[in-house]
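First to last, the sequence lines map onto chains X, C and B.
In this text, residue positions in the first sequence follow the numbering used here: the first is 39, and each later residue adds one.
In this text, residue positions in the second sequence follow the numbering used here: the first is -5, and each later residue adds one.
In this text, residue positions in the third sequence follow the numbering used here: the first is 211, and each later residue adds one.
Take these hints with a grain of salt, some might be off.
Heads up, incomplete: computed chain B residues facing chain C, CB under 8 Å, no partners named [what the hints assert, rightly or not]: (1) Ser231; (2) Thr243; (3) Gly258; (4) Phe264; (5) Leu309; (6) Ala313; (7) Gly324; (8) Leu368; (9) Met492.
Cut-off 20 Å, straight-line C-alpha distance, at most; resulting in silico cross-link-like pairs (EDC-like, lysine to aspartate or glutamate) [to be verified]: (10) X:Lys178 <-> X:Glu210; (11) X:Lys94 <-> C:Asp237; (12) X:Lys113 <-> X:Glu134; (13) C:Lys159 <-> C:Asp98; (14) X:Lys126 <-> X:Asp267; (15) C:Lys216 <-> X:Glu92; (16) X:Lys296 <-> C:Asp237; (17) X:Lys94 <-> X:Asp115; (18) B:Lys481 <-> X:Asp422; (19) X:Lys351 <-> X:Glu147; (20) X:Lys296 <-> X:Asp203; (21) X:Lys335 <-> X:Asp187; (22) X:Lys387 <-> X:Glu147; (23) B:Lys481 <-> X:Glu92; (24) C:Lys(-4) <-> B:Glu398; (25) B:Lys267 <-> X:Asp193; (26) B:Lys481 <-> X:Asp442; (27) X:Lys351 <-> B:Asp270; (28) X:Lys113 <-> C:Asp215; (29) C:Lys216 <-> X:Asp267; (30) C:Lys(-4) <-> B:Asp270; (31) X:Lys351 <-> X:Glu158; (32) B:Lys267 <-> X:Asp115; (33) X:Lys126 <-> X:Asp138; (34) X:Lys387 <-> X:Asp371; (35) X:Lys113 <-> B:Glu398; (36) C:Lys216 <-> X:Asp130; (37) C:Lys216 <-> X:Glu73; (38) B:Lys267 <-> X:Asp130; (39) X:Lys296 <-> X:Glu202; (40) X:Lys198 <-> X:Asp267.
Source of the hints: derived by calculation from the structure; they are not laboratory data.
For every residue, glycine included, the Cβ atom is placed at its ideal position computed from N, Cα and C.
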Amino acid sequence: MKKLFALVLVLALALMACVASAQEGKVYFLNFKPEADEAWQALAATYTANTGVEVKVVTAASGTYSETLTAEMGKGDAAPTLFQCGNKAGLDTWGEYCLDLTGTDFYNEMTTDEFNLFGENGEALCAGYCYEAFGIIVNKDLLAQAGYDISGITDFASLKAVAEDIHARRDELGFDAFTSSGMDGSSSWRFSGHLANMPLYYEFRDDGVTEQPATITGAYLDAFKNIWDLYINNASTEPSQLSTATGDQAAAEFGEGKAAFYQNGTWEYANLTGNFGIPAENLAMIPIYCGVEGEDKAGLCCGTENCWAVNVKASEADQQATLDFLYWVVTSDEGTTMMAEQFGPIPFKAAKASDNVFFNDANAYIAQGNYVVSWAFNYTPNVDAWRAGVVAAMTQYSAGGSWDDVVSAFVDGWAVQYNNQ
Amino acid sequence: MKRERLANGILTAVFIPLCILYMMPVIIVLYNSFKPNALINTDTFALPTAQTFTGMRNYVEGITFGNYPFLNSAMNSLQITVVSTLLLLLCTSMAAWYMSRVNDLFSRIVYYLCIFSMVVPFQMVMYTLPQTAMRLRLNTPHTIPVIYMGFGAGLAVFMFVGFVKGIPLEIEEAAAIDGCNPVRTYFSVVLPMLKPIYISVGVLEIMWIWNDYLLPYLVLDKTLYRTIPIHIQYLQGSYGHVDLGAVMALIMLSITPVILFYLFCQQYIISGVAAGAVKG
Amino acid sequence: MRKKKTRPVHAGLNSQLIRRSMQRWFPLFLLPTFIAFCIGFLWPFLQGIYLSFFQFKTLDNMNFAGLQNYLKAFGDASFVSAFWQTAKVAVVSIILINLFAFAVAYALTRGIRGANLFRSVFFMPNLIGGIVLGYIWNTIFAGVLRGYNTALALNSTLGFWGLIIVLCWQQVGYMMIIYIAGLQSVSEDMIEAARIDGANSWHVLRHITLPTVMPSITICTFLTLTNSFKLFDQNLVLTNGAPMVFDAGQQIYTTEMLALNIYRTFTMNWKWQGVGQAKAVMFFILVAGISLFQLSATRSREVQQ
Chain X
39 MKKLFALVLV
49 LALALMACVA
59 SAQEGKVYFL
69 NFKPEADEAW
79 QALAATYTAN
89 TGVEVKVVTA
99 ASGTYSETLT
109 AEMGKGDAAP
119 TLFQCGNKAG
129 LDTWGEYCLD
139 LTGTDFYNEM
149 TTDEFNLFGE
159 NGEALCAGYC
169 YEAFGIIVNK
179 DLLAQAGYDI
189 SGITDFASLK
199 AVAEDIHARR
209 DELGFDAFTS
219 SGMDGSSSWR
229 FSGHLANMPL
239 YYEFRDDGVT
249 EQPATITGAY
259 LDAFKNIWDL
269 YINNASTEPS
279 QLSTATGDQA
289 AAEFGEGKAA
299 FYQNGTWEYA
309 NLTGNFGIPA
319 ENLAMIPIYC
329 GVEGEDKAGL
339 CCGTENCWAV
349 NVKASEADQQ
359 ATLDFLYWVV
369 TSDEGTTMMA
379 EQFGPIPFKA
389 AKASDNVFFN
399 DANAYIAQGN
409 YVVSWAFNYT
419 PNVDAWRAGV
429 VAAMTQYSAG
439 GSWDDVVSAF
449 VDGWAVQYNN
459 Q
Chain C
-5 MKRERLANGI
5 LTAVFIPLCI
15 LYMMPVIIVL
25 YNSFKPNALI
35 NTDTFALPTA
45 QTFTGMRNYV
55 EGITFGNYPF
65 LNSAMNSLQI
75 TVVSTLLLLL
85 CTSMAAWYMS
95 RVNDLFSRIV
105 YYLCIFSMVV
115 PFQMVMYTLP
125 QTAMRLRLNT
135 PHTIPVIYMG
145 FGAGLAVFMF
155 VGFVKGIPLE
165 IEEAAAIDGC
175 NPVRTYFSVV
185 LPMLKPIYIS
195 VGVLEIMWIW
205 NDYLLPYLVL
215 DKTLYRTIPI
225 HIQYLQGSYG
235 HVDLGAVMAL
245 IMLSITPVIL
255 FYLFCQQYII
265 SGVAAGAVKG
Chain B
211 MRKKKTRPVH
221 AGLNSQLIRR
231 SMQRWFPLFL
241 LPTFIAFCIG
251 FLWPFLQGIY
261 LSFFQFKTLD
271 NMNFAGLQNY
281 LKAFGDASFV
291 SAFWQTAKVA
301 VVSIILINLF
311 AFAVAYALTR
321 GIRGANLFRS
331 VFFMPNLIGG
341 IVLGYIWNTI
351 FAGVLRGYNT
361 ALALNSTLGF
371 WGLIIVLCWQ
381 QVGYMMIIYI
391 AGLQSVSEDM
401 IEAARIDGAN
411 SWHVLRHITL
421 PTVMPSITIC
431 TFLTLTNSFK
441 LFDQNLVLTN
451 GAPMVFDAGQ
461 QIYTTEMLAL
471 NIYRTFTMNW
481 KWQGVGQAKA
491 VMFFILVAGI
501 SLFQLSATRS
511 REVQQ
């Protein structure tokens, strides 16, 4: 009887959804983060069940967001109503499609505008809905087994000493230093995007860069080589085999306790503690040290490229439906719970506390007076194409090619893509 | 003669290993689909052993993996291929018959446009076709047959016209004198005679549509619908996850129907290909 | 080939009768195909030519650009490189595929045992689509090359030959079928007569078999040519253009062919969509040119016969 009742209820809701969506506008969210896809789908279904408003969530494959967005935006009234516009380059392209969020209920829920992007006249075009940090995730338990502690790792030299020692004793210890640095599309963004942030950040810091430069010098690429060599030479996967190694492979190596270090970000927390069941107290995130002067005062890489924009060219009803949905996401119990689980602390009044230890680490570094390594890669021109070039060169280098190709992919690639964009 | 028989014997002996070699890629994928994920990447050519044999695990994994079930993709592929082919065969054969019998200015223009469309590569309409399809809501598996019919009409019309020209008029004339209207004439007189060319065109269209990747990838609302080639392509790293075992299993699942189809309809397929190629 | 559109001699009064009554049924017979043809081909094609003169973000958001897109396409080193890569693949695959296909067809038409089975095996890869085929071979290549510490995407020579192997595997069977059909029309009597005159196998092949299968050779040559020019799926799956170099101010994917280059241009960013469309128009002219050349080649040969 219960089942029958549930069935009838579901049918009624579905019917309502059909009727409602015809009049009340609908939401189409083109999501940027594959790892949050499931959570978004579930949340959208909940919202639809509660309100009858149709919410479609679509996730672009890694490294294809701008391509997918361009294609989907061409679809007239079937275009996304909610999309990601996370950096200046995105704003240049899609700014005219962004609704000014100022004064909307959703926008009024925000606690800071630090992560938002503004138009020329101060319109709030993109709302940064979370911030993230990345670095080297450490399994403290494994590190202790090897006789070390994270307090002893304060710069590149100490990181290198620990990693090389663990790698040398891998058979005895039963685990290796680093997870595989896969160059498959599911993993390569960790390096072409996030690791590449290190040389970019230091170069831009020295040169006082505040807007997208037409060229870069690659002054810190030696540091980049240091850390990359350390990653690939102190892992169980042969460097030449990286071209097909996947993100899953690395996550599994770390999750199953086969490696002590794993470069990734705060977003990986749910996966590591949930799917792999690593106790939170065993996890820590340390800065990426790569042999730059004064980096013992470095903190984690904090920033965001996760900004929501509402499509101003969508119908009024759809825009309103989208704003209502956003408001619900950042105020309702279901929404804030999901956001806290997936994105950690979010800059909204009703945000739930997050138990994500990586954010605590990020804040601890700041509290100690360390400098934040900001997300310099948000300046990357034609980002997917530039990263593809860097990935290709790094793959080649790892398989025995020349480092010059990597330098060229960085420096020449930047100039080429600056002209292409 | 004796020498010839010997030579032929040697040829047969050469061809047996050659054929096995030719089948090797499929065989390797087949036995890899029973191996654990990790071993496929590290030890591709080793046969599964008693320890490493995973049974149907990869198949279960492959079918259930991701947020888009493989069976949906397979059903979409089947539906699109069957409906598009049937629609295309019926409509273009009728059009071809009309064109060659009526042969007025309009028919001739359409005919030459069809011929022309055969030399236009898909890239030419890569951007505009999906836009048109989307605006006309032809971006679902139920409506995409219209697109296939339009884009595939060229070759089909060409082959049908070539065949219809060889059919003697007398039979149709007799039917007309007996009072058959053109519709009845078509279905009771012309259609049965078109059987061989129906098979040739059908085979070519099925092979094209079933295996087509870029057109459905761009035209279909791929957030809601996938076909088998799109599904397989999506497995590559798109969700931070590549389970090679599952990929092998899905490859086997997607080529098995093709091979079965081939085994049952081999003679039609081969004669269809020969006819189509010589004409095209 | 078609053409020679002489009307049947008996297309006289009676067929006029058929014609009249048929014309009334125009909406049923011709209209559906015509409408679908307009939607699926004609309109997108014309719109494509039109768009190649615009810079556009979406179809509702475009600016006239004159010949800008064409100039940009010509100035794009990656487009030029893709053209030469395509030409290289075309030449090598034409030679290898036709050689293998002819050899197999020749052997299989000598009445050897198991010929039907062999034929089936060789044709089988044809039914597998480019994407799936690419993944099958990716697995094999990765497995082999791992032993040499390299991969298909790391070396443009390997990438090139990898693609050629896949193309041969896929197309030899198809061309073989056409050659078999051609070889079966070689007259037994003529061979018999030549044998009696003392001709050896080579002479028979050279002077009787080859001239008779000449039409098949032409067809297969052009089929492999157009197949190579339109190639996309296998190129995408096998190397996706990698490895990449920087040259002439552009990022060049060394194993990228024309169709993939156009695709990549379309998806690079919105400013390049117009350039992609301009490249597509040039690509179309190229492919159409090849087809016209094919038509005139087959025609002149028909005249000779």
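Original post:
Any hints this thing doesn't respect? Which numbers, in order?
Top reply: 4, 5, 6, 8, 9, 11, 14, 19, 23, 25, 26, 29, 30, 35, 36
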